[in-house]
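*Asks:* Sequence:
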Amino acid sequence: MVKSLEVDDSVILSLRGFVASHENLKLLKADRVVYRSSNPKKPYIAVIAGGGSGHEPLHAGFVGENLLTAAVAGDVFASPSTKQILNAIKLANKDKNCKGVLLVIKNYTGDVLHFGLASERARSLGINCKTVVIGEDVSVNSKFVGRRALAGTALAHKIISAFAATQGEKYDVEDAAAVGEIVNKNMITIGAALDHCKVPGRKFESSLKENQMELGLGIHNEPGVETLEPIPSVKDLIEKKMLARLFKEEGNDKSFVDISPKDEVLLLVNNLGGLSNFAISSIVYTTLELLKKKYDVKPKIVLAGTYVTAFNSPGFSLTLLNLSNCNKSLKKEYGIDSVSDLLTLETDAPGWSSSFRIFKNVSEYEDILYSEKDDDLKGIETDDIAKLDKVGKIDYKQFSKVLTSACESLKKAEPHITHLDSQVGDGDCGYTLVNGCDAILKNLPDWESEKLSFSEVLHKLSEVIEDSMGGTQGGLYSIFISGCLAGVLENAKGSSNQPLNSELLAASLNHGLDILFKYTKARAGDSTMIDSLEPFVRTFNETKGDFSKAYKAAEDGMNVTSKSKAKFGRASYVGDSSESVADPGSVGIVEFLKGASKYI
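In terms of our numbering, the sequence shown opens at residue 1 and continues consecutively.
Just so you know, the hints here were simulated from the structure itself, not pulled from any lab data.
Check each hint, because a few of them may be wrong.
[Stated by the list, open to error] Below are the SDA-like pairs computed for lysine to any residue, each with C-alpha atoms no more than 25 angstroms apart in a straight line:
hint : residue 1 : residue 2
1    : K518      : L444
2    : K393      : L444
3    : K393      : K544
4    : K521      : K41
5    : K41       : Y334
6    : K300      : T227
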């Protein structure tokens, strides 16, 4: 038996193989960005998307002429880092015909966080960059985080990108974003699957019994909105559960998209990865038959195939787009007669229409498969540490003991954290935290040998966390650390020789938390990692560096998370079941602090 590929390795190998087999694509290897080999010779708006890997052909499969300019790949089911996204933006902005960059974001916490931060940073560099968020899942709708993005994302990519390519001379980035909002406002999706998917390098886990299936299963292995037992027939599943929710006959949501017999409609039947083409074709016919028979709806446009997957998930999703509403808005605002004009615009993107690659010579082959050289990044500055003020001298003997002990403590707790996350999330919290710890331990000797100041260490640490962790946790920690860096520089008061002490550390942590709170609405009491982080930081600052009291406050905050319902993150989708489980991220912080306490 062939050993399963490790998750991190499989992402870059998959991207290399994908680019190697398609003539129109190139790859920034270090940042895992797939981009077009060539761009329009007239003014256009660049469209960039991305997110966690495991949903192929989303996102790289939709890079091509009249579709995405570039796609940024994160780890499996985890958002790419801000640095990756920002480099993709910089690359797109290099083209003289590019008028600006639109980021199309799937509505998941990590994606919104990282792409939003990248957009903010891009604008601070003078780049015309905007965002639009897609979320159309009718099975869940958290008042805090909204709807999840599913297969409708592929439609949004095509329609927005076609507008950006053909209307770039006439309109700007804000207009492309507005087109995305029009599409999202008129689109609904629901999925169903017989089981969860198998993630490479991880043990397969499923709570479903042999005679059960999930309605509304998320594309990251999140639980569905309803477990169906026994498994219904395909006809009953589509008619009584899926269409019933799309047409607001079942479920709590009565306020999304209205579709009537007079409306022109698009139907997309999407394979979540584990069904045969034979089965998908049957589902298309059954759905069309039920739409006509029960709702007198006859879709004008029908798409079927594999657009957005969850690895080998044995399921499918149905997406309906109200074309009449879209056409009316597009005609009024932009003079575009029909969505179909944008959907049918020719593209060479592999995920939308098939293509293949023939190598011209050996050197081209070797460059794609083996070379680590990225000529297209020449002139793009990615490391600003040389410009950073050196603040806070470090006693590296003590510093190394504290960080090493903290990381080892957290790594030891990984099985417990993973177990907790498998109950309220997608099971990757423990792995993600270990990745961060391993990266810190790997870089710690270099920081010591270079005799970096505390400000320089924070700068490096923020980058290391982004690169190694990914996902929501990586983004939150990276923003927090960046905020701490700003706090160090602000509180140093121009003194580059100031040693690192408890007062400076407390002030920097407090400033970091204030910055973090600009990018997340989560607060202590919402059953997230903030339940431990906020009381620790605030107590440490208020007591002018009393670690023991701050640690106790963090521990108390963690204990509260097992008694309250999660309001943010993927745990917020599982309902009341999150009330009896301690938040994995909060547990991780306490375990890290526990290790640190041995040498403080």
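*Asks:* Against this structure, judge whether each hint is valid.
*Replies:* Against the structure, the hints come out as follows:
{"no.": "1", "hint": "K518 with L444", "verdict": "violated (29 angstroms)"}
{"no.": "2", "hint": "K393 with L444", "verdict": "holds (15 angstroms)"}
{"no.": "3", "hint": "K393 with K544", "verdict": "holds (19 angstroms)"}
{"no.": "4", "hint": "K521 with K41", "verdict": "violated (43 angstroms)"}
{"no.": "5", "hint": "K41 with Y334", "verdict": "holds (22 angstroms)"}
{"no.": "6", "hint": "K300 with T227", "verdict": "violated (32 angstroms)"}
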